[in-house]
Amino acid sequence: MMRVLLVMLLAMLAPVCLGPLAAQDTMPPAPYAYNQLDDPQLEAEASALMLTLRCLKCQSQSIADSDAPMAGDMRHQVRSRILAGESPQEIRAWLVARYGDYVSYSPTVSASTWPLFAIPVLVLLMVGAVLLRRLGKRRADEGTSE
Amino acid sequence: MIAEIGLAALWFAAALAVLQMVSGAFALRSADGAPNPMAIYARPAAVVQALLAVLAFLMLLWAFAITDLSIKLVATNSHSMKPMIYKLTGTWGNHEGSMLLWVGVLALSGGLLAAFERRLPERTMGATLAVQGFVGLGFYAFLLLSSNPFERLPVPAIEGVGLNPLLQDIGLAIHPPTLYAGYVGLSVAFSLAMGALLTNQVNPSFARVLRPWVLGAWVLLTFGITAGSYWAYYELGWGGWWFWDPVENASFMPWLAATALMHSVSVLAARDALRTWTIMLGVLAFSMSMLGTFLVRSGVLTSVHAFAVDPERGSFILALLGLYIGGAFTIFALRAGAVAEGKRFAVTSREGALVFNNVMLSAILAIVLLGTLYPLLTEAFNVRVSVGPPYFNPASAIFAVPMFLVMAVGPLLRWKEDKPARIQFEVALVAAVLIAVISLVTILGDYPFLPVLGLGLALALGVAALLPLRGRKLTRVPVATWGMVLAHFGVAVSLFGMACEGAFTQERLAAVAPGGTEQVGDFDVTLESVTPVAGPNWTAIEARIAVSRDGAEPVILSPQARNFWSPAQATSESALLTRWDGQLYAVIGNQAEDGRWQIRVWWKPFVTFIWYGGLLIALGGVLAIAGRVRVDLKRRKAEELGEARRADLAELGAHDAEPFPAE
Amino acid sequence: MQNRLWLWVPLALFAFFAGLAGYMLTQEKDQFVESTMIGEPLPEFALDPAFAGLPGAATRDLVGGSPRLLNIWASWCLPCIAEAPQLEALKDQGVEIIGIAIRDRPEDVANFLSRYGNPYTRIGSDRISEVQLAIGSSGVPETFVIDAGGVIRYQHIGDIREDDVPVLLAELEKAR
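Protein chains in written order, with this note's numbering: chain A, 1 to 146; chain B, 1 to 663; chain C, 1 to 176.
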């Protein structure tokens, strides 16, 4: 939601990619950039994947939310590869091999992302500890105070 | 002259902030009962400062209204051909103007606090005003030294550059001001928390003073986030309403902290428990608003295109952040130990449930903070990663699901201690709804796990939210309780909308020739024609799309693809068809070489409930404020009456008058 | 009994954040998404000619002999005009430059080359950014150094400025 504010703040700072009129090609979009796959099952797989891939030319948008031509070409890649029988995981891996973790909004446990998973576990433990202390203790020493 | 008056007002306001700070600090050195003579200036300084800051903002508004192109900010952000409403909203559609709005609201809330708050001890009030003045001073310095909104151009511009077309929308009139007011309302909570901590006055009467400010800020944040979400939804043209974008998270984190704070303040006010925790949340909530400001304006987190961000601004805000938040956490660490532990309570009690949910909200806050800042951390090591919905959704659900479950039963519990057996019927009912809905949806179709869980929780929570009213005479339920019921019900409504949108949305993207028909959900969507149209500062192509549900009389939708010329930019204006059970969302795209048009149509069942829920939550907050204020006024009046009666009785020489109850 | 150490935790976390944020403010913001295909063999592709004047480009055209430059560009891209003289200079140094035109039309390509010079020996037409995505390029213009074994050795993002020319020549030498 606040992305609008972001847009507004970017507006005065730098070119925004949401609808630039500068340097733009006139080519028609790739076949599957704006067209769905006929099989609803495959299309559902493709669109779920597209929502989790980052548009490389944009201001933190997924390729499913962008009008940038390159996002269209990436959607075409996703749909045509799904149609060719590749699994969403394979397509994601293919893109990550080319652009690194940056292209995927779905971080996996790796050398550079393990704290993203370790810290929530730590938070979970801390939450448990705090609740035990805060709530558990009260019952134990209830009546001894106040 | 306009610019000079505005600038002078700002300088005077800054000077008054210094006076307010120094005078407020003197209050700390006063003995009990004998106010320090230097401390009497703090309140008037805050009030006059508020007037001056508001005056400065009005001057800028005026400059935008008349498009005074000799002012740099107007020339770079406005245009004489723009509709008046967008000229005005353009005042805060840029960095300097929005900071001036921020400062104006900050001074205004400080002034209101100084003018009307008489319940706190003078020492605490002095410390609070000193902190408020100190915070204000930093932002005045920021405006005057590095972001002067009134800067003149050496030669007036001939025409303005214009405002980003995405911002030429009524959304800009509503969303940023409410959000800023919410952010800044939290500054009062921060000042009060620091004042109470410094003077060791963390007690229920302090909580009662704090509560309306927290509630008010929280209502504004809720409303601002709801409005912003809907604005992004219809403006960005792809049907998304929440992206876990860093800037969205920057607004969500203060809301989470404020939600936790609001609940812990209730515990402090009602039961004198959770003292340190409330202070901690008070500091945290304002830290999150300042952190958000820093993240958005410094550009450390934005990526590909955000390279022109002023590093000076970023450093300035970081310095302020270090000063206020670092300072506050230091004082917290030094003084919080001196705050006596509050009253105790059992696990199964209202407080127990509130503590549980406070901890869960804080955990969600920690997750969102981690996910938002993590890319910043890896970039320090030259590794770029993206953290998005596939991370945030499940990670926050781990804590949100137990929170919703406890939220369902918490309001049914009694304060201090309760027996679980007393509410076993209600618990069984809620559990039955939850299990029934989840199993039913799972049988009916193959839907993603989280939305299905959300659907079950939403319905269970919706039933549970109304249970506190069971067996009570509705006309005698206190207004504040209605507020709680409404807000909790709003959460259920919103969650229902999110879950339905997540599970049942249908999408149709197609290239259609005029006359062609596509299907989405129960709707037949026919592209009738595409024609060029023109507005005051744009041209567009407009599609006529006839939408018919189950063969009924068609309704015409007219989405546009607009081209603005100053600044040159293209936007797509979606067209929405709202029905009670959802929204049809239509967008017109480009024309293909064979003459067909790209159209995108979504049927989003119950998507509107997301924002209805948000409005209900905010309305619940308003009712809670109204209820509290009414009770407060009643109590004040009763106290006055009591005092008058005591005085009368004293005159009659009757000293055995019964003392008026304090609560 | 009261352990007061935890009261310092918020301050410690905040200090960590402030330090990180302060450090990042001083850092040059990295605007580019680098390819992670450096050191990997060039993916298989075979593109049609981008216009009638030159043959198309395929993976095998970049294998064998001496290292080459693979230039990702487009006639609609403004920085590509700016880098045209530098590509010309590289060509004069005896570097073979193979182009890939992204989302482009033959007449526009021909027009661009006649106006700004033609440093290429081959230009493939990538109408749907297929090869661009396959080699991990995220914009135009970008220039890759491909060694004789067909392995991607270096990526230059953005237009080639005058002082980038010796850098690219050195990278070509290194790839030999």
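Derived by calculation from the structure, the hints in this document are not laboratory data. Note that the Cβ used here is the ideal one computed from N, Cα and C, for glycine as well. Warning: the hint list may mix true and false statements.
[To be verified] Pairwise CB distance ranges, derived in the manner of DEER restraints:
no., chain 1, residue 1, chain 2, residue 2, range
1, C, Tyr23, B, Met38, 39 to 47 angstroms
2, A, Leu122, B, Asn203, 15 to 23 angstroms
3, C, Arg115, A, Leu83, 51 to 59 angstroms
4, B, Val479, C, Trp6, 35 to 43 angstroms
5, C, Glu40, B, Ile556, 33 to 41 angstroms
6, A, Pro31, B, Ala65, 15 to 23 angstroms
7, C, Glu88, B, Ala568, 37 to 45 angstroms
8, B, Ile40, C, Arg4, 51 to 59 angstroms
9, B, Ala534, C, Gln31, 56 to 64 angstroms
10, B, Ala568, C, Asp163, 49 to 57 angstroms
11, C, Trp6, B, Asp632, 49 to 57 angstroms
[To be verified] To spell it out: a stretch of chain A is covered by chain B in this simulated footprint if at least three of its residues, at any positions, have a beta carbon under 8 angstroms from a beta carbon of chain B; those stretches are:
no., stretch
12, 55 to 64
13, 113 to 121
Evaluated hints:
1. C:Tyr23 to B:Met38: 39 to 47 angstroms: holds, 42 angstroms
2. A:Leu122 to B:Asn203: 15 to 23 angstroms: Since Leu122 of chain A and Asn203 of chain B have Cβ atoms about 34 angstroms apart, the given range 15 to 23 angstroms is violated.
3. C:Arg115 to A:Leu83: 51 to 59 angstroms: About 40 angstroms separates the Cβ atoms of Arg115 of chain C and Leu83 of chain A, which means 51 to 59 angstroms is violated.
4. B:Val479 to C:Trp6: 35 to 43 angstroms: The hint (35 to 43 angstroms, Cβ to Cβ) holds, given that Val479 of chain B and Trp6 of chain C are roughly 38 angstroms apart.
5. C:Glu40 to B:Ile556: 33 to 41 angstroms: violated, 54 angstroms
6. A:Pro31 to B:Ala65: 15 to 23 angstroms: Given about 50 angstroms between the Cβ atoms, the range is violated.
7. C:Glu88 to B:Ala568: 37 to 45 angstroms: violated, 32 angstroms
8. B:Ile40 to C:Arg4: 51 to 59 angstroms: violated, 37 angstroms
9. B:Ala534 to C:Gln31: 56 to 64 angstroms: For Ala534 of chain B and Gln31 of chain C the Cβ distance comes to about 36 angstroms; the hint is violated.
10. B:Ala568 to C:Asp163: 49 to 57 angstroms: Violated - the Cβ-Cβ distance for Ala568 of chain B and Asp163 of chain C, about 33 angstroms, lies outside 49 to 57 angstroms.
11. C:Trp6 to B:Asp632: 49 to 57 angstroms: violated, 35 angstroms
12. 55 to 64: With 8 residues close enough to chain B, the hint holds.
13. 113 to 121: Holds: 5 residues of the stretch 113 to 121 of chain A have a Cβ under 8 angstroms from chain B.
Hint check: violations occur at hints 2, 3, 5, 6, 7, 8, 9, 10, 11; the rest are consistent with the structure.
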